[in-house]
Each structure stands twice: as structure tokens, then as C-alpha cells.
Amino acid sequence: MQRTMIRDTVAQIGEEVLLQGWVHVRRDMGKLAFLDLRDRSGIAQVVLVPAELSERGKAAMKELRPEFCVTVTGVIQKRGEMQVNPNVPTGGIEILAKDVEILNAAKTPPFELEDTSGISEELRLKYRYLDLRSSRMLRNLELRDKVITFFRSYLHARGFLEVETPNLTKGTPEGSREYLVPSRLHPGRFYVLPQSPQQFKQLLMVGGIERYFQIARCFRDEDQRGDRQPEFTQLDIELSFVDREDVLSLIEGMMIELVKAVTLNKRISQVPFPRLSYAETMEKYGSDKPDLRKDKNDPDELAFAWIVDFPMFEKSDAGGIQAVHHPFTSPLPEDRDVLDRDPLKTRANAYDLVLNGYEIFGGSIRIHQRELQNRVFELLGLDADTIEERFGHMLEAFEYGAPPHGGIASGLDRIVMILANEPNIREVIPFPKTGDARDLLMGAPSEIEETRLKEAHIQIRKPQIANRKT
RNA sequence: GGACGCGUGGUGUAGCCCGGUUAACACGUCUCCCUGUCACGGAGAAGAUCGAGGGUUCGAAUCCCUUCGCGUCCGCCA
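Numbering of the first sequence is given in the numbering used here, commencing with residue 1376 and proceeding in unit increments.
Since the hints were made in silico from the structure, they are not lab data. What you are looking at is a predicted structure, and each value in this text was computed from that prediction instead of being measured. All residues carry an ideal CB built from backbone N, CA and C; glycine is no exception. One should not assume that every hint holds.
[Claimed, not checked] Derived EDC-like pairs: lysine to aspartate or glutamate, alpha-carbon spacing no greater than 20 Å straight-line:
(1) 1406 to 1476
(2) 1437 to 1474
(3) 1641 to 1520
(4) 1720 to 1658
(5) 1501 to 1811
(6) 1545 to 1596
(7) 1641 to 1666
(8) 1406 to 1390
[Unchecked claim] Label pairs and their calculated CB-CB ranges:
(9) 1459 to 1645: 40 to 50 Å
(10) 1454 to 1380: 16 to 26 Å
(11) 1709 to 1501: 54 to 64 Å
Given these sequences and hints, build the entire structure.
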């Protein structure tokens, strides 16, 4: 017999069905017992009466405990009027079981799965596979799937090509700290994991792709926050032959449609999205990601705002200047002259989309000419050799008819977090890492056998043992 | 790297400020009873050296010090 999903049981009254899933709750009345059977599609009540049950079913009736994995066969019947439960979608029916097969018993879970809101996150992460059975995690993963599906179809409908870029790539010391990957074939050399596909997507523009997007995993070896993980997902977008307005209107339209497509109760507080210059928002709100909700406690209010005209550079700790966004960002066309006169006063053609106090998109119109790109590298204090070694490939690419281009990238996890009303992005990531970047389920990072280290040409400097106090 | 907060049966908490006999409550677990429950109900039981180490004290979950673990924020995140 083919398996019926629990969601579909309401449409099959009177039919004999085979259901598979987990015991959600067991209510034992003695000679009669009820089972709430759960699968990914929902929960339905199974009635166990010895007179109706096979010998195997009778035995199972005694043994069943929460989270046992079972197959139930039985007949779907309409409940009597007094027995209807209006609080559940399947509350009008129940399955009178003929047979129950225990596919796998379950130990008592280390925490109750019904409501995990009060359970320590450490425990939930260690047993993430159980945590994922909770309605909260299922709901969040379903929302995440909807958001990704929406972005894909929205962009495909507008001529974008989804392209994958490498995860083993070349490091640049500017910007965030990168994860290193040793090379077995090239002793002493390393790949790094990308902190963003930035250079590749620009090279795709040089390559004539014109409209690119990617659901891209990015890696940053920095300290964690509630809205930051060592690996996270970006919706990464780049377009050729565009100016700032083109990018902003694309994203604004997409986000408005996203909210309509995947949420029920959310309202956008202002359309078109308000725009603030960096100078304005810093003066008014003291932040470049202000929470513009009228009521900061209203989870259903979505206050989008564009922040534009970021400064191009800022002073670095070392005394020089560094890029606020990244070194491929172009200056505002009207500030092109300022770049040479007073770099720190130059405004970048960069933009962020903020939502309820979180930066959810950040992007810019890029430099596409060798001369200007080289000038920016010089301003950042790089000498000719360093520029050539680190970015020669970009400069050379720009010499082959690189089109004007620009783009944007989102923190996809943050968007899902906000739409799911979750307090941090770990709740919308199936297997997140802890604040100190560990995976409690798998036990990463872990030590590596000597033979494998040798193969990777790695020698460990033994961590110094802390001096004992005498 | 820094600041702050939290560690009490399997889970979540109370007790700590103001030290005092068997550390309390809820959920879960186990046994028994129950044919209409749906967070089923009823009766009973087991389960905690109060994160760890040290100190003060006649006496420490409670006060002090150290340490470990976890979280939030700052730094950091081109």
C-alpha cells in the first residue's frame, strides 16, 4: 500500500491508508489508547483498540513511547460531533488502527520537543536532529525554502543566470579574516574560503553574463554575533550596464513581492523605501542601520530603508586609509575629482538596505576601469608589486572591454530570521555553529591525525601550556 | 582581546540579596488503574554530592577567591 501523508488524510475519509511517522503524544486510557502521529506534513490522531488490532499492533500499543518511528495502517473515519478537535487541521478525522509496526524505538529525548523555547541552545545544538523535529525548526526551514525559491524564480523571470563560483579560491589580506585551506599538491601554499564571491561575480560581468545571481555560501573567520555566523548564505547579485537606480529598484521590487509571497501578517511601513544618506542617518540615528519602526516591539512591522552615499574610505588603525565597503567600489560620479584632492571626503557609490535595525543588503556600483581601480589600490597604500600580485587578474580583466557593472548581496539568513520573528540567525540555519565557532553535533573543529597533517604539509606549533601558579 | 549576565534531578525554574534540620515546584521518566482522550486523568515511585576547586564559618546552593562552561554586547565583521 502506498504511503499517505498526514496532511492528506482529511480528504480520504472511509479509506484504508498506510501512514508513517513518529509518535508525537500517546494517551493511554487503559483498554483504549490514542496516538498523535506526526510526519512532516502534520499531526493526526490514531485510535488504538485491541479488538481492531493485529497481534503485532496489540503488542505495539503497550510499547509505544514518544518519538518511536512507526508504520500505522488503518481506516480514516470521521469523528463524532463531540470528539471533533477544532484546534488541529486533522481534528475532524481519526485513524482507526488495524496494525502498528514499530520501525525503530526511541530513547527518551534529552528535552521535550513540543516547545523548545526554554531549552538551552547548547543542548538543542548537540541534539540538533531532534530539535529539527520541533514545529519551530520545521516552520523556519520551510520559510527559508520559500524565500530561496522566491528569489530564484523572481530573478530567473528577469533574465538572471544562476552561476556557481569556487569555494577554493585566493586570499586577500584586506577585509575580514579568511579560513585557510592547505594545499596537498602545492606545499606551503593555501587556498582560502571566500568571504564573498565578489571578484568572481565581477569577472562574470567581464565574461558577458550581464545578469548573475547565486545563493552563495560565504565564510568569515571573525567573532560571532546573533546575526553573524562563520559560514552564512548570501543572495549574491551582479548586473552589467546599470546604475544605482537600476539596482535599487530591482531589489526594492523584489523585497516587496517577497513579503507578499511568504508572509501573512507582515506590513511594510513605507513604500517606496525611504532613502537616507550615510551622513543623515548617522546624524539622526547615530547608526548606519537604524531601526525605523514606529513601534520597535512590533514584529509585524517591516521598516525598510536605503542608506546611500557611504564614505569611500575611513582611517585605519595603522594610520593609513581603508575601504569602508571594499576596494572595488566606485566613487559617486560627482565625487570623482574629490578622490584625488581629499580621499577621505569621497563618497562611494555604495548602498545598504536596512530592515528593522539589520543590514540585509549591501552593494555598490563597481569600478570597471583599470586606471581608476589602480588609483584606489594606491590610495589604500598598496605598492605596485602588491597590487599586481593580489589584484593583477582584476586589473587585466578590466582591460578587455569590461562593462560598467554593479550589484548587491544579501544576508539571506538575516532576512529569514526577521521574517520568522527569530532572535538570531542560528534559528533559521539547520546546523549552525556556536559563539566560538564550534559545531556541537559533529564536534568540529577537531584534531587531525599526524599522517593527514603531513600530507597537507602542516606542522602544528604546540599551544603553550599555561604556567601553573605555584 | 574586553565588559556584563547565567550555571540547582533528564528539562525548565524557585531558593542565594539576609548562611541553619529530609533543597521546593512544574514538565518528563518508571509502576499500577482507567473505552473518547487530544497538554487526558488518578494513585504511587525513582531521580540533584546545587558546574568544579579552594577559602571564611560551629554550619555554605547561599558569603569571598580562583577556574571551567554557556549567552549577550563592545572590539572585529574589505
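Structure-based check of all given hints:
Simply put, residue 1406 and residue 1476 have alpha-carbon atoms about 19 Å apart, close enough for the 20 Å limit, and the pair holds. Proximity of residue 1437 to residue 1474 is assessed by CA-CA distance (about 13 Å); at most 20 Å being required, the pair is judged to hold. Of the pairs offered as hints, the one joining residue 1641 and residue 1520 holds, with about 18 Å between alpha carbons and a cut-off of 20 Å not exceeded. Distance restraint check for residue 1720 and residue 1658: the Cα-Cα separation of roughly 16 Å lies within the 20 Å cut-off, and the hinted pair is therefore satisfied.
Pair hint residue 1501 plus residue 1811 holds up; C-alpha atoms about 14 Å apart against a cutoff of 20 Å. Restraint check for residue 1545 and residue 1596: satisfied, since their Cα atoms lie roughly 15 Å apart, inside the 20 Å limit. Pair hint residue 1641 plus residue 1666 holds up; C-alpha atoms about 16 Å apart against a cutoff of 20 Å. Distance check on the hinted pair: residue 1406 and residue 1390 sit about 25 Å apart at the alpha-carbon level, beyond 20 Å; violated.
Separation of residue 1459 from residue 1645 is about 44 Å and conforms to the stated range, judged on CB atoms against 40 to 50 Å. For residue 1454 paired with residue 1380, a C-beta distance near 20 Å keeps the hint of 16 to 26 Å intact. For the pair residue 1709 and residue 1501, the supplied restraint of 54 to 64 Å holds, since their beta-carbon distance comes to about 55 Å.
The earlier numbered hint that this structure contradicts is number 8, and it is the only one.
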